[in-house]
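Following the hints, put chain C in place on chain L, whose structure we already have.
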Amino acid sequence: DVKVTQSSRYLVKRTGEKVFLECVQDMDHENMFWYRQDPGLGLRLIYFSYDVKMKEKGDIPEGYSVSREKKERFSLILESASTNQTSMYLCASSAPGGGYTFGSGTRLTVV
Amino acid sequence: QKEVEQDPGPLSVPEGAIVSLNCTYSNSAFQYFMWYRQYSRKGPELLMYTYSSGNKEDGRFTAQVDKSSKYISLFIRDSQPSDSATYLCAMSLYNFNKFYFGSGTKLNVKP
Chain L
-8 DVKVTQSSRY LVKRTGEKVF LECVQDMDHE NMFWYRQDPG LGLRLIYFSY
42 DVKMKEKGDI PEGYSVSREK KERFSLILES ASTNQTSMYL CASSAPGGGY
92 TFGSGTRLTV V
Chain C
4 QKEVEQDPGP LSVPEGAIVS LNCTYSNSAF QYFMWYRQYS RKGPELLMYT
54 YSSGNKEDGR FTAQVDKSSK YISLFIRDSQ PSDSATYLCA MSLYNFNKFY
104 FGSGTKLNVK P
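Chains as they are written, first to last, in the numbering used here: chain L, -8 to 102; chain C, 4 to 114.
It should be emphasised that the hints constitute simulated quantities derived from the structure, not laboratory data.
There could be a bad hint or two in this list.
[What the hints assert, rightly or not] Taking beta-carbon pairs under 7 Å as the criterion, some of the chain C residues facing chain L (in silico):
| # | residue |
| --- | --- |
| 1 | 49 |
| 2 | 50 |
| 3 | 52 |
| 4 | 104 |
We put the beta carbon where it would ideally sit given N, CA and C, even for glycine.
One chain only, chain C, in its complex shape:
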């Protein structure tokens, strides 16, 4: 079983839709949870990160962590064509030195 599971998609939505991206994980010791966005032919860029459980909001993006269910989500409100990318979740133990990545969900936002 992989440490981190993520539906590869692709997920196709119309512009303006609310997008929900999700990951599940098996290791209850994970403390730090991150979302990266990767455009085609580019390296991933850090979008958001949270520590332990709870929600974090940044503009149109909300990251949610449910440690009891071992489930994390990224919500994108009012999605734009520029949000079309692959979204990777990542998580880390207490020491933050090594990350475990999901395989990424490809999102396509249609104008």
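Pulled out of the complex, with its shape left as it was, chain L reads as follows:
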């Protein structure tokens, strides 16, 4: 089974901090994604990557950046955390022609 591992289940950060969310997958998938999930808004795509060092903006990239230096790792960076970035963050990976496998999520609270 594909495993997508997100480094933290719960995080509490202060406004203005730089925050790193890490995601690692173990099945050599080309595609990796970062979503945030909020009640009533569903899943919204932040960034995705089809290959190492490649990244593309999703629907809500403002305030975020990403890094993919190795195929198995995709990091989401909140440059200066704000309270409106309090959310559940979900990482996913997929092979071409396959469905997503999601991680368990990181619930981030910015105070």
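Chain C only, in chain L's frame:
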């Protein structure tokens, strides 16, 4: 208008009932249709996926796609309390690399 619309519920049914979950969409170019199940505080897991129109059955679950009406359904027969979760529909264009999600329907199956 959202690309994918899904009634958020909650939907509450007695154990053993047949459950019908639905999504509508606006983009007629969608080719792949998926259903994910998400338990509380977990990431979504792929339940079923279908390509183009038609039905697909897997145990107690049946996925149905009606492309002419831009409408997809998930039926759960003999529902169990363990089916209590949020169900997300998702769909993709031909390249299967980016998915568009509904906001999820919360289902509660009462013993």
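Tested hints:
| no. | hint | in the structure |
| --- | --- | --- |
| 1 | 49 | holds (5 Å) |
| 2 | 50 | violated (10 Å) |
| 3 | 52 | holds (5 Å) |
| 4 | 104 | holds (4 Å) |
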